[in-house]
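The task is simple: from the sequences and hints, build the whole structure.
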Amino acid sequence: MPSPGEPAKAGDTLGLLQDLQPKLLDWGWIGENFGDEILPALIGHVYLSFVSVGIALVISLPTGVLVSRYRKAYPPVTFFTGILFSIPSLALFAFLVTVPGIGIGPTAVIIALVAYSLLVLIRNVVAGMDSVPEETKDAARGMGLTARQILFGVELPLALPVIVAGVRIATVTIIGIATIGAYIRGGGLGELIFLGISRNFPTRVIVGAVLATLLAVIADLLLLALERYLRPWARTRRA
Amino acid sequence: MIEFRGVSKTYPGSARPVVKDLSFEVLDGEICVLVGPSGCGKTTSMRMINRLIEPSSGEILIDGEPNTAMSGTKLRRKIGYAIQQIGLFPHRSIADNIATVPQLLDWDKARIKGRVDELLELVGLDPGVYRDRYPAELSGGQQQRVGVARALAADPPIMLMDEPFGAVDPINRSRLQDEFLRIQEEIRKTIVFVTHDIDEAIKMGDRIAILKEGGVLAQYDTPEEILTNPTSDFVTSFVGADRILKRLSLTRVSEMELEPANGSGEGLPTLSDRLTVRDALSALMGAGVGRGVVEGEGGRRLLTMEAIEGLTRGARA
Ligand SMILES: Nc1ncnc2c1ncn2[C@@H]1O[C@H](COP(=O)(O)OP(=O)(O)OP(=O)(O)O)[C@@H](O)[C@H]1O
Ligand SMILES: [Mg+2]
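These protein sequence lines are chains R and Y, in that order. Here the first sequence is numbered in full-length UniProt numbering, starting from 1 and rising by one per residue. Here the second sequence is numbered in full-length UniProt numbering, starting from 1 and rising by one per residue.
Please keep in mind that the hints were generated in silico from the structure rather than gathered at the bench.
Here are the simulated BS3-like cross-link-like pairs (lysine-lysine), alpha carbons at most 30 angstroms apart as the crow flies: (1) Y/Lys20 with R/Lys137; (2) Y/Lys189 with Y/Lys212; (3) Y/Lys189 with Y/Lys203; (4) Y/Lys113 with Y/Lys74; (5) Y/Lys109 with R/Lys137; (6) Y/Lys246 with Y/Lys203; (7) Y/Lys189 with Y/Lys78; (8) R/Lys137 with Y/Lys78; (9) Y/Lys113 with R/Lys137; (10) Y/Lys78 with Y/Lys109; (11) R/Lys137 with Y/Lys74; (12) Y/Lys212 with Y/Lys20; (13) Y/Lys20 with Y/Lys74; (14) Y/Lys78 with Y/Lys203; (15) Y/Lys189 with R/Lys137; (16) Y/Lys246 with Y/Lys212; (17) Y/Lys109 with Y/Lys189; (18) Y/Lys246 with Y/Lys189.
None of the values given here were measured: they were computed from a predicted structure.
Okay, here's the thing in structure tokens:
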């Protein structure tokens, strides 16, 4: 018999029944464990996702820009990151913990999450760079802007909305996959879910799942707002 | 002065040159119009001046120095360039678009703002209305005018203008052309102006370079010379069967030598001497009489068909 979340009173038939069919949502437990267990898991999850997307972006931005310039490198880069993307997450986690110097813990999870984001991010950086109108770059060159000034002053600002759209997809994906990271002690909301399953205590599972979903939705909306904010010129205005 | 010396351009992967052995000079303070059918190499020739394209052979001198003497970016900041496709920065306001080169040159803010408003006025856009808009909020013709303002921003001595009024409606185009010619009277820039419209070329050019297929210079002359003495069948057909009339549009009635209309002008139509001879001719024909009275600084003078014919003598095909 799975161990219950709360010790049942021995001999109590009603309690025994509750053990077999535990309450779906135990609000009392949520209230008592919010500060000690739920909040740290949530913060851990935000941390895992944030750091992963951040690192992935630091890799993808220069890679994407270079690849958009040296087109020949694009197919091999998408091939490689595509392979990374297609490895089942559990398999990748399991492999990473066996690598000396990584082992069990958040590091392995972050490496895996970064690996998963690369394909989407690099693709969107390239798509963003490609979306910059040729004549805009041409005019910039014609006025004597240097290659560097064109990159930072014209190309990246114009590509940014498409890049942020990629960050949205990557972030939502990562927030989902990060839950599995608890399997190798990565921390985060997955811990609640795994613990809830192993102890047959659905409240933990539900809290973990709902928070992970909420987190993904909120991150998505915030990034959507950022995307809009970065494209003020696309807003129509009536004079 | 801009000097083309045996300039040819063959694009990589192409067998035939698109510009072939081009040699001509653009004098200081003059508007040189490059005109010719689509694909004859006008844009290519123009872009070799500021080295957006490097010639395959030959060289281009600016004020006696090869244009390769300084870096491409430095050269381009000294040459205003309005590209054919306009190419405004969609993410920057109209004011910031115009301010591009002044900002690169580190002008102070107040000077840039003053310059932006001045240029917007110049191209006929109310600064209060358009300064803070984004390009997407402007019509094609308005964008094109901003493109011209942007090219003029840092007051460069040389301007390259690639079909700068192509997207503007005929009325505004004519107004902009007049305005531009009026400004040019004062600022006397050295301008290379591309168009495929021979009428625009005749109106704007101090000198016209007619290019034909394959980037060969067919004729380089003043508009009068090209209309009066086309040197080849290609030029004759390119300037059109109405070249005599076009020739008349180059002269204003005030520039003609006419007899005073001593009393003989009774009942004749009255014309302004600011009209071009072509428009005056049209007015005379419209009135159904062979003569009219011109009013202007030279007093009342008599304009006759014979006087107009006298102008076109030597230009008969
Ligand atoms: N980057 C390029 N690579 C190869 N060929 C080119 C390139 N740019 C232009 N061409 C070719 O060179 C020729 C001249 O082009 P160019 O743009 O100079 O013509 P144009 O006179 O400005 O024409 P239009 O009036 O249509 O603007 C054309 O046949 C064009 O197809
Ligand atoms: Mg062209």
